[in-house]
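Chains as they are written, first to last, in this note's numbering: chain A, 102 to 376; chain B, 53 to 217.
Simulated from the structure, these hints should not be mistaken for laboratory data. These numbers were taken from a predicted model, which means no experiment stands behind them. Treat the hints with caution; some may be incorrect.
[Stated by the list, open to error] Residues of chain B placed beyond 10 angstroms of chain A at every Cβ, according to the derived structure:
no.: 1; residue: Tyr100
no.: 2; residue: Ala180
no.: 3; residue: Gly184
[Said to hold, decoys possible] Between beta-carbon pairs, the in silico distance windows are:
no.: 4; chain 1: A; residue 1: Pro318; chain 2: B; residue 2: Thr189; range: 20 to 30 angstroms
no.: 5; chain 1: B; residue 1: Arg70; chain 2: A; residue 2: Gln375; range: 17 to 27 angstroms
no.: 6; chain 1: B; residue 1: Asp69; chain 2: A; residue 2: Leu289; range: 18 to 28 angstroms
In this text, a Cβ means the ideal position worked out from N, Cα and C, and glycines have one as well.
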Amino acid sequence: MTDHGEQLRETFETHEYLAPDPAAVYARVRELSRVYKRRRRGVQVAGSAVLGAGLIAGAAQLPSVLPGPSGGAGMALPLGAPASPVPSVAASYSQADLDRDWAAYFNAGYGYDDAMQLAALWHTNQNIGNVKAEAGRRLLAGETLPIAPHPNPSPSVDEVAAAADAAALRAFFDAGYVWDDAVQLATLWNLPDPSDAKVAAGKKLEEGQTLPVQPKPENVAAAKESAAVDKFFAAGYTYEDAVELAKLWNLKDAAAAKIAGGEKLLAGQTLPIQP
Amino acid sequence: MARLTSLLRYAVVLTGDRDLAQDIVQEVLARTHVRWGRISGSESPEAYVRRMVLNEYLSWRRTWAVRHVQPVGERLVDLDDARGPVGDHAQDVVDADELWRRLATLGRKQRAVLVLRYYEQLEDTAIAELLGCSPATVRSQASKALRTLRLSSERQERIHAEEKS
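The shape of chain A in the complex, shown without the other chains (with noise of 0.2 angstroms):
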């Protein structure tokens, strides 16, 4: 690899750390694929009916940043909005507008599924972050959405759910299980969907329980493997930590740092520097 290649590489890596937490993505996308297989059916069932005349209100004056309906596979809805205009500020948006749209709309209580439906009122395909964006800059110009804000879809008793879930997926990746084994748990225990029986199986994990399938070893290295990063870096060490690890350890790299690190961490060792 040329210096330049290497010195983006370490760049990439070093930057890695800023991903976020696996097991409540994990969580949140359960979730928002359950709600928003739900409620697209509803929609798509119910159609403007259902929306009402105050949402079709709401779509005639259509967003003036997200482009009208370009008949993509977006989330289109039966319903009779005219088209949308030409944008008419898209060139001038910034990153600081759209962090500051976006604040406006998670703050108001809007979540996901509400850009979903906003984004089908308004008949437009666009990314739902654009979507996001758009109904944000509209409640800081006064308007009211079409919609009422539906806080994402956890009132407490889902949160504490999803927490758990979250535990017992961590529970079943970390013991090395993946998404093949999941279809086969499920297949033994008649369940419908192989998500369902990751959690199942994560949850019998951490009642100390055995499964009746075994992960494969290549798989359970390679989630030892990421339990060691993820506790390297929960514990504040930092790239240039495992670079000086690596070289008193004699190591090749710094990734093998952050693993062999992360290993006496997780066993309850100290490293030799703090982080």
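Since the structure of chain A is provided, determine the placement of chain B on it from the hints.
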């Protein structure tokens, strides 16, 4: 979970932004979850999902053509020059942070090319297939991206020189 961890790291490297990475991955996975039966039957489901993340990133806010315009103030990226003859550890970290900031000034496609080439370590032909363009275009994009990182420095030095003169 290891796969998801890897996907999230890929997304954060690709986007350069933690929140955006999360938003994109959540959105992609929520969609894949709905039709996982079909995706899981593909030759490489993991590659399929990574490709979805890439496409999502490239289309994200495309119409707004948002660019992170960064002030030209400090010495810009010619990291080879910034380094001493022997690799200095602290300087490496500073360089990495600096380069990370500079990468935010690139267009999405250029950034994606660099990520695919140097992080994913893909060949240009594979990158071209992912991006739906020719290998020559990939090379051109990569070259422009690298040049942008360097030219910024030259431009700044020119500005400096002009101000001093």
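Verification of the hints:
Residue-level check passed: B/Tyr100 sits 12 angstroms from the nearest beta carbon of chain A, beyond 10 angstroms. With a minimum CB-CB distance of about 18 angstroms to chain A, B/Ala180 clears the 10 angstroms threshold, and the non-interface call stands. No Cβ of chain A approaches the Cβ of B/Gly184 within 10 angstroms, the least distance being about 16 angstroms, so the stated non-interface status holds. One distance hint, 20 to 30 angstroms for the beta-carbon pair A/Pro318 and B/Thr189, is violated here, with the actual separation near 42 angstroms.
A hinted range of 17 to 27 angstroms for the beta carbons of B/Arg70 and A/Gln375 is consistent with their spacing of about 25 angstroms. For the pair B/Asp69 and A/Leu289, the supplied restraint of 18 to 28 angstroms is violated, since their beta-carbon distance comes to about 41 angstroms.
Against the hints set out earlier in the document, violations occur for numbers 4 and 6.
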